[in-house]
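Work out the full structure: start from the sequences and follow the hints.
Protein chains in written order, with this note's numbering: chain Y, 696 to 807; chain X, 29 to 142.
These aren't lab readings, by the way, just hints derived from the structure by calculation.
Subject to a maximum C-alpha distance of 30 angstroms in a straight line, what follows is the list of computed DSS-like cross-link-like pairs (lysine-lysine): (1) Y:K765 - Y:K733; (2) Y:K765 - Y:K698; (3) Y:K733 - X:K39; (4) X:K39 - X:K85; (5) Y:K733 - X:K85; (6) Y:K698 - Y:K804; (7) Y:K804 - Y:K733; (8) Y:K804 - Y:K711; (9) X:K85 - Y:K698.
Keep in mind that this is a model prediction, so the values were computed, not measured.
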Amino acid sequence: AQKVTQAQTEISVVEKEDVTLDCVYETRDTTYYLFWYKQPPSGELVFLIRQNSFDEQNEISGRYSWNFQKSTSSFNFTITASQVVDSAVYFCALKMGRRYIFGTGTRLKVLA
Amino acid sequence: GAGVSQSPSNKVTEKGKDVELRCDPISGHTALYWYRQSLGQGLEFLIYFQGNSAPDKSGLPSDRFSAERTGGSVSTLTIQRTQQEDSAVYLCASSASGVRYEQYFGPGTRLTVT
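Encoded structure:
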């Protein structure tokens with residue numbers, strides 16, 4: 696069965712702290728993609744990052760970084776030096792073929 | 029803009045009435061998805077269209093739900109005989125063809141059934 700688990704329902708941090716959002720997935724497919732999306736209070740989901748199943752490495756894009764580990768089926772996402780505008784619900788998603796499986800989301804609150 | 033648009037943004041309807049929700053995907057995107065998001069919950073897959081292929085309807089919760097996509101572009105999600113449990117935000121997303129491509133989401137339609 697395919698499944699995405701985001702165990703953290705809500706996280707609160709103080710501005711400028713680093714924060715890591717956890718994501719664990721299940722799939723039997725060997726070819727898949729993983730995504731992180733952000734849903735700010737305005738409601739519209741925004742694509743953040745993408746990871747394929749072939750490259751197991753850490754990546755950095757601006758204040759965002761992510762760690763993909765196939766051995767533990769984890770795809771964790773880190774925001775460095777968090778800002779109030781980062782406050783949102785973050786969704787991890789698994790795509791195999793044409794279907795996306797979304798986690799239940801982690802609500803991040805960044806306090807000034 | 030050139031993003032995914034949805035209409036109406038809000039819809040209040042009485043229990044038992046039919047509603048139609050519209051989605052205009054990004055031009056050139058062959059894949060179109062409908063999701064339902066209940067308050068504070070994740071995204072529940074409803075239906076998927078890809079080009080001229082038969083849609084994947086496996087996520088539709090009951091036969092009261094149907095969707096069509098005309099001309100490979102605009103899509104309409106229809107809910108017949110609405111129930112209070114249908115109250116949710118209905119999200120549409122489109123993407124380019126291919127497993128590597130991300131989805132682009134519309135702003136959603138908030139449906140309230142009274």
